[in-house]
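Going by my numbering, the sequence shown wraps up at 362, each residue one higher than the last.
No lab work stands behind these hints: they were computed from the structure.
Nothing here was measured: the structure is a model prediction, and the numbers come from that model.
Each statement offered as a hint is correct.
Mimicking BS3-like on lysine-lysine, the simulated pairs with C-alpha atoms at most 27 Å apart in a straight line are:
#1 73 <-> 243
#2 21 <-> 243
#3 21 <-> 73
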Amino acid sequence: MSAGPPFRAEHIGSLLRPPKLLGARHELSGDALRAAEDEAILDAIRLQEGVGLESITDGEFRRHIYFGHFAKAVDGFTEMEAELAFTDQSGRPMKYRTDVITGRLRRARGIATDEFSFVRAHTRRTPKVTLPDPASQHHFRYRPGVSDVAYPDLDELFADVAAIYREELAELASLGATYVQLDSVALPLLCDPEHRAAVSAGGHDPDQLLSRYVALTNDALAGRPAGLVVGMHFCRGNNQGKWLGEGGYDPIAEVAFGGLDLDVLYLEYDTERAGGFEPLRFVARGKHAVLGLVSTKTPELEPRDELLRRIDEAARFVPLERLSLSPQCGFASVEQGNPITPDDQRRKLELVVSVAEAVWS
Numbered sequence: 002m003s004a005g006p007p008f009r010a011e012h013i014g015s016l017l018r019p020p021k022l023l024g025a026r027h028e029l030s031g032d033a034l035r036a037a038e039d040e041a042i043l044d045a046i047r048l049q050e051g052v053g054l055e056s057i058t059d060g061e062f063r064r065h066i067y068f069g070h071f072a073k074a075v076d077g078f079t080e081m082e083a084e085l086a087f088t089d090q091s092g093r094p095m096k097y098r099t100d101v102i103t104g105r106l107r108r109a110r111g112i113a114t115d116e117f118s119f120v121r122a123h124t125r126r127t128p129k130v131t132l133p134d135p136a137s138q139h140h141f142r143y144r145p146g147v148s149d150v151a152y153p154d155l156d157e158l159f160a161d162v163a164a165i166y167r168e169e170l171a172e173l174a175s176l177g178a179t180y181v182q183l184d185s186v187a188l189p190l191l192c193d194p195e196h197r198a199a200v201s202a203g204g205h206d207p208d209q210l211l212s213r214y215v216a217l218t219n220d221a222l223a224g225r226p227a228g229l230v231v232g233m234h235f236c237r238g239n240n241q242g243k244w245l246g247e248g249g250y251d252p253i254a255e256v257a258f259g260g261l262d263l264d265v266l267y268l269e270y271d272t273e274r275a276g277g278f279e280p281l282r283f284v285a286r287g288k289h290a291v292l293g294l295v296s297t298k299t300p301e302l303e304p305r306d307e308l309l310r311r312i313d314e315a316a317r318f319v320p321l322e323r324l325s326l327s328p329q330c331g332f333a334s335v336e337q338g339n340p341i342t343p344d345d346q347r348r349k350l351e352l353v354v355s356v357a358e359a360v361w362s
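I would like the entire structure built from these sequences, with the hints used as guidance.
Shown next as structure tokens:
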């Protein structure tokens, strides 16, 4: 097994919130809520350690949604109805609320620094910090007719966004962080034919937008502290078992997999919606690919032999020593969680660890 991040058995960050914590969110506030969160996070740390994981998160238990901590720490956002909708297996849409840029963005305080410090104080393993990726601050948070009042020039928005990430990464590293995961839905949506058409209808060329997002990300990572491993999770949406987009990685692989200044790519490969492994040929030498083969959206446990077969298939395009295994996404990107049980969650994580040990021990 690997000695440092990324590890052979990974997970993407969020975990099912216990009912007691969900209740506390409606009943408590201030120090009392913080104490309830602390107690639940300690249990989450023990769960991760117990199944054999080496990268440890706080389960994202202090957030109502995976990106919720960002707008709380950065000035310039207002919550509004989202323009996109999630879809389930029956095709039914589900709307949600999101943060929209309404003013100039400024990092008022640490975004994930307190989360990191708590985990670091309670585990001897490697804490992993999760943050929404820089591109999402434009793709989902910028709304024409609203955001362009603050940012008539997108170059200014991108410069402010990159500066926020550089500040956050520098402070995280100063606190001892060594492992950061950026969660991107914007880049994988540029794989979806319908979404690409919508981007074009909105006045952007999808391929040019992809190149701008890669440049933005690299600007955000420029000069990052030595020893800080940074990866990106490519997500097609994960809200209570529903998704936003589909399509193989072919439209973005060459530019994103080869051009992003990252150490790790966490790639969703749990369903046919993700396409085949052929785009992995564009993963640049020196980068590590984590295969998200285990679904967090359904309770069914993946057959072990099938996981082994798929890892072998992926190794045709990226050497086995540069591969790892994980679930395709978190178990609760929103606090309501996916339609699985805590026992399902544990069994899924145990399966990831067990298969990784069999392949890479």
